[in-house]
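*Asks:* The residues making up each chain are set out below.
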Amino acid sequence: VKVGDKLIEFDHDGFMLDPSLWDDEVALAIARDEGIDEMTEEHWKIVNFIRNYWKENDLAPAVRLICKDVGVGVRQIYKLFTSGPARGACRVAGLPKPDGCV
Amino acid sequence: MERIIYLDNAATSFPKPDIVHDTVREFYSTKGVNPGRTGCDLAIAAEEMIYGTRRAFSEFFNRSLVDSGRVKDPNRLVFTMNATMGLNLIINGTVRPGDHVITTMVEHNSVIRPVNHKVREGAEATFVVPDSEGYVDPEDIRNAIKKNTVLVIVNHGSNVTGVVQDLKAIGKVCRQEGVQFAVDSAQTAGVLSIDMAECNISFLSFTGHKGLFGPTGTGGICVADDAEITGTIYGGTGVRSAVPYHLEEYPYRLEAGTLNLAGIAGLSAGLQWVKSKGVENIHAHEMELLKMLQEGLSEIPGVKIWGTKNLKNRVATLSVTVANYDAQDVGTILDVEYGILTRTGLHCAPLIHEHHGSVPRGTVRFSAGPFNTKEHIEAAIGAIAEIAADRPVEVSETVKS
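Residue numbers (the working numbering), protein chains in the order written: chain A, 1214 to 1315; chain B, 202 to 602.
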């Protein structure tokens, strides 16, 4: 997918193959693909928290941690990112696909 | 710690009884030395605990032999680090290139993957398809047996839907056809009575940390006295060190290296606890909770129960999905919003999910244990009702249309 002057590649689940290419412009493009019309301040708080946590720990944060740190309820996260924190929010944050038992 | 409702006992039982914690601490702090028959007093005490645990489990899994005054060789109870390791030892020690092994689509990856590796090495495998509820017809196993079939290996209780296979009938087929019979009892040891002699089981692989309430890292195989298996791990045995090859005699044939002493002490205490409560009583309590959960969830619009609703031949495991939700998301909301711990996804058992049609995203699995209460189940039903109500079926159907 061409975003600005960058060519961004995704895996078959829609996660970035090279997370180092992520920036706000890429985040907006993924968000549009997630069906998010407008990235609000609350969206960005969640995305930035996930992104920073991943950079420090090399894994996606637990949802409970996102709620606590950002001060948002889990149901609100699902309203902001309808495909959920593990897919929608992590995708927009440019993370590779998190491991899970699927 | 926030209040949690633990409904993930199929993954590991939690909490463990106090006697398990106390025994591990006491034994390991006073006798935590390398066991051995030729060592010091402490080593002998450790060895006695190990041998006593072998004997206790040999009897636990062979009640009919004990009751009839016959002897089951305790040394054919070997310890492993979990059921998976036991199943690997069984499959690797019985199936060779050119051999045929029969298993089922109900299996966990602890059987599927080792069997697939044997196929890659030149063996053949048949995965018997269960009925629509997940039960395997023993005659389908008979029909799959060929001249080169050396092993039938079957999951006793499904970790996805809780269906329990008829070991007695399958064992009868195996005995009639002269094929060794192995059982994965990860979900049933300590939860259902298992009598190897009655069911003609050659190898029973069990894990210690689920229904037997031992620590993680414990488990074993009970090998029938007439079963044949080759050892596939080699190393120290603590005896006859000058022999250049691994010892053939039991328990060494299937054990190498220092045993998990603290874990086995805890496992021994777990078994004592199970026996003191009574396997039948524990199962009855869990099934009462399952019935309540299944009936409660069945009434919620949008909730689908996967597999069987049969309450006979079952352990207290229930797989569901909620309309308009990915299973993982339901699990996340249950955890974060309600403090209810479940397990979502494919549960390392992809073939049974494929069989039921719950691929690729899997289900939300509830699994009750002896420490769960009716209040826990009421809370789980209430939570699922609220989650389902957030994305009602009718709205979705209207949008789609």
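Hints listed in this document are in silico derivations from the structure and should not be mistaken for laboratory results.
No experiment lies behind these values; they were computed from the predicted model shown.
Just to be clear, a hint being listed does not mean it is correct.
Unchecked claim - Below, in silico cross-link-like pairs of lysine-lysine (DSS-like), each with a Cα-Cα straight-line distance of 30 Å or less:
1. A:1219 with A:1268
2. A:1292 with A:1310
3. B:575 with B:476
4. B:510 with B:217
5. B:505 with A:1292
6. A:1310 with B:505
Stated by the list, open to error - Facing chain B, according to a computed beta carbon distance under 10 Å, are these residues of chain A, among others:
7. 1280
8. 1283
9. 1310
Said to hold, decoys possible - Quick partial rundown of chain A residues pointing at chain B, CB under 8 Å, derived from the structure:
10. 1245
11. 1277
12. 1285
13. 1287
C-beta: ideal position from N, C-alpha, C; glycine also.
*Asks:* Now tell me if each hint is right for this structure.
*Replies:* Results for each hint:
no., hint, verdict
1, A:1219 with A:1268, "holds (21 Å)"
2, A:1292 with A:1310, "holds (21 Å)"
3, B:575 with B:476, "holds (23 Å)"
4, B:510 with B:217, "holds (29 Å)"
5, B:505 with A:1292, "holds (23 Å)"
6, A:1310 with B:505, "holds (27 Å)"
7, 1280, "holds (6 Å)"
8, 1283, "violated (13 Å)"
9, 1310, "violated (12 Å)"
10, 1245, "violated (20 Å)"
11, 1277, "holds (5 Å)"
12, 1285, "violated (11 Å)"
13, 1287, "holds (4 Å)"
Going down the numbered hints, you'll see the structure goes against 8, 9, 10, 12, while the others check out.
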